[in-house]
Structure formats: C-alpha cells, structure tokens
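Asks: Just need the whole structure built from these sequences, with the hints factored in.
There are 2 protein chains.
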Amino acid sequence: MDPTIRIDLGRRSYDVRIAPAGLAGVGPAVKEWTGARQVVVLSDTNVAPLYAQGVLDSLAEANIEARLLTFPAGESHKTLATVSGLLDGLLAHEPPIDRKTVLLALGGGVAGDVTGFVAAVALRGLRFVQAPTTLLADVDSSVGGKTGVDHPAGKNLIGAFHQPSGVWIDVETLRTLPRRELRNGLAECVKHAVIRDAAMLDFLDTHAEDLQAGTDGALAFEAGTMTELIARNVAVKARVVSRDEREAGVRSHLNFGHTIGHAIETSVGYDTIRHGEAVALGIVAENALAVARGLLDPNVAQRVKTVLSKLALPTTRPNLDAEDIWRLLRHDKKARDGRVRIVLAKALGNVDLYDDIHTDEVKNALESLA
Amino acid sequence: MDPTIRIDLGRRSYDVRIAPAGLAGVGPAVKEWTGARQVVVLSDTNVAPLYAQGVLDSLAEANIEARLLTFPAGESHKTLATVSGLLDGLLAHEPPIDRKTVLLALGGGVAGDVTGFVAAVALRGLRFVQAPTTLLADVDSSVGGKTGVDHPAGKNLIGAFHQPSGVWIDVETLRTLPRRELRNGLAECVKHAVIRDAAMLDFLDTHAEDLQAGTDGALAFEAGTMTELIARNVAVKARVVSRDEREAGVRSHLNFGHTIGHAIETSVGYDTIRHGEAVALGIVAENALAVARGLLDPNVAQRVKTVLSKLALPTTRPNLDAEDIWRLLRHDKKARDGRVRIVLAKALGNVDLYDDIHTDEVKNALESLA
Numbered sequence: 086m087d088p089t090i091r092i093d094l095g096r097r098s099y100d101v102r103i104a105p106a107g108l109a110g111v112g113p114a115v116k117e118w119t120g121a122r123q124v125v126v127l128s129d130t131n132v133a134p135l136y137a138q139g140v141l142d143s144l145a146e147a148n149i150e151a152r153l154l155t156f157p158a159g160e161s162h163k164t165l166a167t168v169s170g171l172l173d174g175l176l177a178h179e180p181p182i183d184r185k186t187v188l189l190a191l192g193g194g195v196a197g198d199v200t201g202f203v204a205a206v207a208l209r210g211l212r213f214v215q216a217p218t219t220l221l222a223d224v225d226s227s228v229g230g231k232t233g234v235d236h237p238a239g240k241n242l243i244g245a246f247h248q249p250s251g252v253w254i255d256v257e258t259l260r261t262l263p264r265r266e267l268r269n270g271l272a273e274c275v276k277h278a279v280i281r282d283a284a285m286l287d288f289l290d291t292h293a294e295d296l297q298a299g300t301d302g303a304l305a306f307e308a309g310t311m312t313e314l315i316a317r318n319v320a321v322k323a324r325v326v327s328r329d330e331r332e333a334g335v336r337s338h339l340n341f342g343h344t345i346g347h348a349i350e351t352s353v354g355y356d357t358i359r360h361g362e363a364v365a366l367g368i369v370a371e372n373a374l375a376v377a378r379g380l381l382d383p384n385v386a387q388r389v390k391t392v393l394s395k396l397a398l399p400t401t402r403p404n405l406d407a408e409d410i411w412r413l414l415r416h417d418k419k420a421r422d423g424r425v426r427i428v429l430a431k432a433l434g435n436v437d438l439y440d441d442i443h444t445d446e447v448k449n450a451l452e453s454l455a
Numbered sequence: 086m087d088p089t090i091r092i093d094l095g096r097r098s099y100d101v102r103i104a105p106a107g108l109a110g111v112g113p114a115v116k117e118w119t120g121a122r123q124v125v126v127l128s129d130t131n132v133a134p135l136y137a138q139g140v141l142d143s144l145a146e147a148n149i150e151a152r153l154l155t156f157p158a159g160e161s162h163k164t165l166a167t168v169s170g171l172l173d174g175l176l177a178h179e180p181p182i183d184r185k186t187v188l189l190a191l192g193g194g195v196a197g198d199v200t201g202f203v204a205a206v207a208l209r210g211l212r213f214v215q216a217p218t219t220l221l222a223d224v225d226s227s228v229g230g231k232t233g234v235d236h237p238a239g240k241n242l243i244g245a246f247h248q249p250s251g252v253w254i255d256v257e258t259l260r261t262l263p264r265r266e267l268r269n270g271l272a273e274c275v276k277h278a279v280i281r282d283a284a285m286l287d288f289l290d291t292h293a294e295d296l297q298a299g300t301d302g303a304l305a306f307e308a309g310t311m312t313e314l315i316a317r318n319v320a321v322k323a324r325v326v327s328r329d330e331r332e333a334g335v336r337s338h339l340n341f342g343h344t345i346g347h348a349i350e351t352s353v354g355y356d357t358i359r360h361g362e363a364v365a366l367g368i369v370a371e372n373a374l375a376v377a378r379g380l381l382d383p384n385v386a387q388r389v390k391t392v393l394s395k396l397a398l399p400t401t402r403p404n405l406d407a408e409d410i411w412r413l414l415r416h417d418k419k420a421r422d423g424r425v426r427i428v429l430a431k432a433l434g435n436v437d438l439y440d441d442i443h444t445d446e447v448k449n450a451l452e453s454l455a
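Line by line, the protein sequences are chains X and W.
Per this note's numbering, the first sequence starts with residue 86, numbered consecutively.
Per this note's numbering, the second sequence starts with residue 86, numbered consecutively.
Source of the hints: derived by calculation from the structure; they are not laboratory data.
A portion of the hints provided could be inaccurate.
Any copy will do: because identical chains look the same in the list, a pair fits if it lies in one copy or spans two.
To be verified - Quick list of in silico lysine-lysine cross-link-like pairs, BS3-like style, CA-CA up to 25 Å:
1) Lys116 <-> Lys419
2) Lys116 <-> Lys431
3) Lys395 <-> Lys419
4) Lys185 <-> Lys395
5) Lys448 <-> Lys116
6) Lys448 <-> Lys419
7) Lys431 <-> Lys419
8) Lys419 <-> Lys185
9) Lys390 <-> Lys185
10) Lys116 <-> Lys390
11) Lys395 <-> Lys116
12) Lys185 <-> Lys431
13) Lys395 <-> Lys431
14) Lys185 <-> Lys116
Replies: This is the structure in structure tokens:
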C-alpha cells in the first residue's frame with residue numbers, strides 16, 4: 086500500500102500519497118480527489134520537458150481534458166509577473182476554464198507556490214493538486230497551503246493560504262535533481278528534526294551518505310530510505326499544520342531557521358544562495374542566538390551543525406551585511422509592530438517563539454557564521 | 086443612533102454603519118473594529134483629493150499612524166497591474182507594514198475591490214475597512230467580501246473572497262457624484278428589489294425624483310431617504326451573504342441581471358458603458374428571457390422596466406453583438422462545464438438559478454433590447 090499521510094484540516098483535509106507507481110498514477114488520483122474533467126498543468130521550463138508528457142498522458146487516460154502551461158524556471162521568476170502571465174494563459178484557455186477546473190502543480194517549490202497562488206485567485210479560487218518533483222517540495226512546500234510569490238522587499242510577501250486537494254509524490258523524480266537542489270530539502274528535514282523529531286536527526290546522520298549517493302542528475306539513493314524520510318517529514322508538517330492552519334500559534338515553529346535564513350537569502354540575493362543553504366545558515370545562527378541566551382546546550386547546537394555538514398550544507402558564510410539583515414528582519418511579514426520574532430530551540434524537539442529579540446543578539450549570531 | 090447592519094458570518098462577522106457624523110468619525114471606528122496602530126489608506130485619483138485628508142486626520146486623532154497610497158481612477162485601472170503597483174508602495178512603506186497593519190479602502194467599487202484584493206494577498210492577508218463613497222459601493226460592492234480585478238477575458242476574473250473588518254458609510258460623500266455614477270447604485274437597488282424586496286420597487290418608484298435631485302456633483306437628495314435606501318439594500322445583501330458566503334447556493338441570486346449584464350459590459354467595452362447601465366440592460370434581458378420561458382408575468386417585467394426608466398437607466402441598446410456575448414457567457418466564471426447559468430425571476434422577490442439556458446434564448450432576449 087502506498088504510504089499516505091492525511092492532512093487533517095476539517096473540510097479542507099487532504100491526502101499526501103507517496104506513490105511507488107510514480108507519475109503514471111497521478112491521473113486516477115486527481116480524478117479520485119477532485120472529480121475534475123478539466124485540468125491545467127502548470128510547470129516550469131526545467132521540469133516540463135522531463136515529466137509533463139507523462140502527466141498529461143495519465144490525465145488523458147483518466148478521461149480528463151488536460152493542457153500544459155509553462156513558465157520560466159528559477160526562484161527569480163517566482164514573481165507577480167509570472168502569475169500574471171499564467172493567468173493570461175489560463176483565462177484565454179479553450180475550452181474555457183470554470184470553477185470546477187483543477188490546476189496541477191508539477192515541479193519544485195516555486196511551481197507549487199506559484200500554481201497554488203494562481204489557483205487561489207483565478208475565478209476567486211480554483212482547486213489544485215500538487216505533484217512535487219523536488220525533496221524541498223515533497224517535505225515542505227507542497228504541504229500546508231502556503232502559496233505565493235516573492236517581492237523585491239522580501240520572500241513570499243504576496244500570497245494566500247490555499248490548501249491543495251491532494252499531494253502526489255513520486256520519489257523517482259528526485260533522481261534527476263542536482264545534489265545542491267536535493268540539499269534544499271535536506272535542510273528542511275534538519276529543521277523538522279529540531280522542532281519535533283529528535284530521532285530523525287539520528288536518521289539523517291546515519292543515512293547522510295546514502296541520501297546523496299550518485300551524481301548530479303543521476304542520484305542513486307535507496308528508494309525505501311527516501312520514502313521513509315519523506316513520510317516522516319510530511320508527518321511532522323501535517324501535525325503542526327493540522328493544529329494551526331493559519332499561523333496564529335504553533336505553526337510559527339515551522340519558521341525555525343527561516344527568519345534569519347530568509348533575511349540572509351534576500352540580503353545576498355536569491356540567485357547567489359540556495360534556499361536550503363540559507364536555511365542551514367539560519368539554523369546555525371538561530372541556535373547560536375539560543376546558546377548565547379542560555380536557552381540551548383552548546384553541544385546540541387554543535388551536533389546540529391555536524392549533521393548539516395554531513396549533508397554538505399553550509400554552516401559558515403563570511404561577509405554578511407548585518408545592518409541589511411536586521412532591516413530585512415524588521416520588514417519580515419511575521420514581525421509585529423516593528424519587533425522581530427524568532428523561534429528558538431531549547432532542546433531537540435522543543436522550540437518556542439521569542440518576540441524580544443535585540444539587534445545586538447542577531448549581529449552576534451551572524452558573526453558566529455563568519 | 087447610527088443605523089448599523091450586522092453582517093453575520095461567524096468569526097468573520099462585521100458591521101456596516103451608516104454614519105451621520107461622516108468621515109470625521111472613521112478613525113475611532115477603525116480603532117474599535119481592528120485596534121490598528123497603522124493604517125494605509127488606498128484611494129483613487131478622483132476621490133483622494135476630496136476626502137483623503139479628512140480620513141487621515143480622523144485616523145491621526147485616533148492615534149493611528151496613517152499614510153495614503155493612490156492609484157488612477159476608473160474601471161479601466163481595475164487591473165492586476167494596479168494591484169502590483171499598490172503592493173510595491175505598501176511593501177516599501179516605512180515604518181514597514183506587518184500583519185496587524187490595516188488597509189482602508191476610500192472610494193467607489195473599484196477602490197473597494199482593488200483594496201480588498203491587495204489586503205487579501207499582501208503578507209498572505211491583512212485586515213481592511215471599507216469607506217465607500219459611491220452608492221454602488223454602499224449598497225453592493227462594499228458588503229460581502231468579494232474582491233478582485235478585471236482581465237481582458239472578463240470582469241472580476243482574478244480575485245479572492247476576503248471580508249472587511251467593517252464598513253463605514255457617509256451618505257454626504259454621495260453629493261459629489263455625477264448622476265450617472267449614482268445610477269450605477271440605483272441599478273443594484275432595483276436588482277435587490279427584484280430578488281428579495283418587492284416593496285422596495287415601490288420605494289424606488291416613489292422616490293425616483295428625490296434620489297436624483299440636484300445637478301452633477303451637487304446632488305440634493307434628502308439624507309433620510311438616501312439613508313433608508315442604503316440601509317434597506319445592505320439588509321438584503323446581508324441576508325443573502327450571511328446564508329451563503331462563498332456562492333455555493335443562494336448567493337448566486339445576487340447575480341440577477343449581472344450574467345448578461347457583465348457580458349454586455351465586456352462586449353461593448355468598460356469605457357463606453359457604465360456598470361449600472363449594463364446591469365439595467367441585463368435585468369431587462371434576463372426578465373425577457375424569463376417571460377419567454379413562461380416563468381414571469383410580462384406585466385411584472387414591464388413594471389421593472391418602468392422603474393428603471395424613471396431612474397434614468399437604459400432599457401434598450403441597439404447593435405449588441407449576440408455571438409460575442411454568448412461566447413463571453415460561456416467564459417463567465419459561474420459557467421459550469423461550458424453550460425451558461427442565469428438567475429431568472431418568477432415574481433418580484435422570487436428568483437431561481439437555471440442552468441439549461443440555450444443560445445437561442447439569449448439571442449432572443451438580446452433582440453428585445455434592440
């Protein structure tokens with residue numbers, strides 16, 4: 086039986102299915118989850134050539150009228166302009182779309198975030214299904230209903246909460262990833278380990294090599310190991326999101342490593358650092374801040390750093406612009422009345438949100454990355 | 086006591102207040118409804134010079150840090166490009182906005198729809214307050230949570246459901262309207278009369294002259310009459326919206342006159358016909374269709390036409406492109422699987438949604454407008 090994790094959100098509940106049958110099974114799943122007769126697949130120019138035809142064929146076999154819209158690959162295209170172009174394509178569609186039309190996001194985190202946002206605003210709300218093809222999207226961005234795009238002022242500043250009708254994960258699609266892209270997802274796995282699943286840090290430690298085996302674009306991980314990793318991480322995210330859909334409370338724990346991480350990413354430029362690398366630096370910096378406050382045992386911070394290193398994620402970065410990063414933190418959409426709020430670890434699996442963060446603490450934490 | 090109508094939507098409930106004190110009272114109301122410390126007023130280039138300073142002063146007196154962002158006036162600017170420009174302004178704001186920041190829509194239907202949509206997507210959702218300054222916005226667009234913008238493929242095709250935290254109506258702002266603009270609102274009042282409040286058709290008949298008294302930009306209506314009209318119409322809309330927030334059922338009744346009306350508006354061009362004029366034509370055409378089906382007494386259809394005429398709204402329009410209008414109806418976001426769905430009146434105060442509308446029926450109905 087395919088591993089399935091239920092995301093429990095009342096009327097908006099849905100399944101995440103890790104499917105050994107691969108993308109060939111997505112058509113029947115979309116039919117089962119939505120009853121759609123018309124699906125528009127949205128994918129980027131990297132992923133579409135690899136997987137779009139298989140998805141379209143699977144949809145057609147399920148008696149679903151299906152088309153493909155593509156957009157330029159890369160975080161730099163995660164913009165309102167891309168959304169606008171996709172809406173143009175969608176609204177010019179023949180036969181015309183209607184409120185029963187379902188969108189299918191095929192690709193990584195950007196494809197999911199952009200497609201979800203297009204679905205949120207087209208005709209004031211269409212349903213959509215996620216078919217993630219990166220580890221980052223599998224373990225993080227495809228689950229939870231956050232959609233949106235970046236803005237020069239910061240990441241994900243424009244968007245909506247819009248839950249998918251289902252998530253279809255094919256671990257085999259991960260084999261075509263560059264390892265640097267795989268590590269974007271591994272950074273989120275470390276985050277999940279720190280906030281909710283201490284034992285997963287051991288799992289990552291043990292399997293660090295296997296998970297990254299092979300060469301760029303021809304990864305050789307053991308499918309069972311990857312499936313277990315994904316299922317475990319989706320379960321962490323499902324537990325958090327089910328308790329707090331719209332980020333009033335515990336959902337903020339998912340921001341661990343991301344508050345400083347996002348600011349670093351924006352400050353140095355989305356094109357020069359990968360999201361997972363920024364998150365790894367954010368985790369190290371936020372743990373350093375927690376250690377400096379006396380909240381966290383320095384040995385635990387060191388252990389997290391060691392696992393990040395084994396996963397070939399960065400734990401240092403010289404020449405960060407601390408002033409700029411502080412300014413960006415104050416602009417973060419989770420700031421309140423100009424106060425910076427950061428989730429800090431007290432132990433593995435135990436974190437809390439702190440809203441009394443001072444500029445000096447952040448600057449000292451950034452220095453620890455130098 | 087100010088007439089207040091409660092829009093009952095559970096956790097998203099809010100008040101519509103018709104305030105004799107005028108816009109000078111909006112600051113305390115925003116404080117009461119939201120507790121905001123920071124408000125950004127969004128208004129268009131027609132309305133801002135008239136009323137923005139008064140609103141900013143009132144907010145400042147309530148100890149709220151307030152700024153103004155303006156955008157070009159007119160339905161032709163109700164676009165994603167305008168939304169994008171406003172988001173740029175909002176996200177560059179100093180001190181930075183955060184999730185407690187409240188937007189205030191000051192202006193007509195376009196200002197409300199655009200501001201509501203900006204609020205829906207900025208930081209994945211800010212609260213907003215409506216301060217409508219047209220009759221159309223007072224009786225219709227400011228209540229119900231529909232936000233969004235137009236697209237070349239049709240009106241309101243991009244948007245979100247996002248309820249305001251309150252609506253503050255100052256009838257005195259209506260005096261500066263051109264009468265043609267006032268009639269945009271009167272067309273919606275006729276719609277409300279047909280779908281839910283037969284006696285309001287008599288009220289409109291009786292007060293048709295008083296409501297339009299004066300000259301363009303110096304309207305001389307009796308404030309009590311206008312207040313009663315608005316309160317009555319908001320009550321109709323509140324009743325419908327409270328039963329069906331997201332248009333699964335009875336909310337579709339609010340589309341009476343609008344399905345064909347929107348298609349006419351798109352076909353002839355937003356710049357050559359006013360929304361209320363298109364709605365008036367839509368009401369006449371949809372009633373003609375209902376009469377042709379034997380659903381509606383022709384005398385009732387005639388009576389509605391007479392009241393529209395008394396309100397100086399059009400009931401005929403030659404040279405409509407029936408093919409184009411049918412095509413637009415099939416693209417309408419309320420269409421289902423290519424089937425056109427139209428709300429038809431069976432009697433005053435009694436309407437139903439029909440989904441078996443044939444192209445010939447629409448063409449005959451449009452011919453009745455010739």
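Asks: All the hints need checking, so say for each whether the structure fits it.
Replies: Consistency of the hints with the structure:
With identical chains, the CA atoms of Lys116 and Lys419 are at most 25 Å apart between copies only, with a shortest distance of 22 Å across copies and 37 Å within one. For the identical chains of this complex, Lys116 and Lys431 are neighbours neither inside a copy (45 Å) nor across copies (38 Å), given an alpha-carbon limit of 25 Å. Taking the shortest Cα distances, Lys395 and Lys419 never come within 25 Å of each other, neither inside one copy (31 Å) nor across copies (54 Å). Within a single copy, Lys185 and Lys395 get their C-alpha atoms no closer than 46 Å, and across copies no closer than 41 Å, so neither meets the 25 Å cut-off.
For a Cα distance limit of 25 Å, the shortest separation of Lys448 from Lys116 qualifies neither inside one copy, at 52 Å, nor across copies, at 36 Å. In this assembly of identical chains, the alpha carbons of Lys448 and Lys419 lie at most 25 Å apart only when taken from the same copy (19 Å versus 53 Å across copies). For the identical chains of this complex, Lys431 and Lys419 are intra-copy neighbours only, at 21 Å inside a copy versus 52 Å across copies, given an alpha-carbon limit of 25 Å. Proximity of Lys419 and Lys185 under a CA criterion of 25 Å is satisfied inter-copy only: 10 Å between copies versus 34 Å inside one chain copy.
For a Cα distance limit of 25 Å, the shortest separation of Lys390 from Lys185 qualifies neither inside one copy, at 47 Å, nor across copies, at 35 Å. For the homomeric pair Lys116 and Lys390, neither the shortest alpha-carbon distance inside one copy (44 Å) nor that between copies (47 Å) is at most 25 Å. In this assembly of identical chains, the alpha carbons of Lys395 and Lys116 never lie at most 25 Å apart, being 41 Å within a copy and 53 Å across copies at closest. In this assembly of identical chains, the alpha carbons of Lys185 and Lys431 never lie at most 25 Å apart, being 46 Å within a copy and 28 Å across copies at closest.
Taking the shortest Cα distances, Lys395 and Lys431 sit within 25 Å of each other inside one copy (23 Å), while across copies they are farther apart (73 Å). In the homo-oligomer, the alpha carbons of Lys185 and Lys116 lie at most 25 Å apart inside one protomer (12 Å), although the nearest pairing across protomers, at 40 Å, exceeds that limit.
When each numbered hint is compared with the structure, violations occur for hints 2, 3, 4, 5, 9, 10, 11 and 12.
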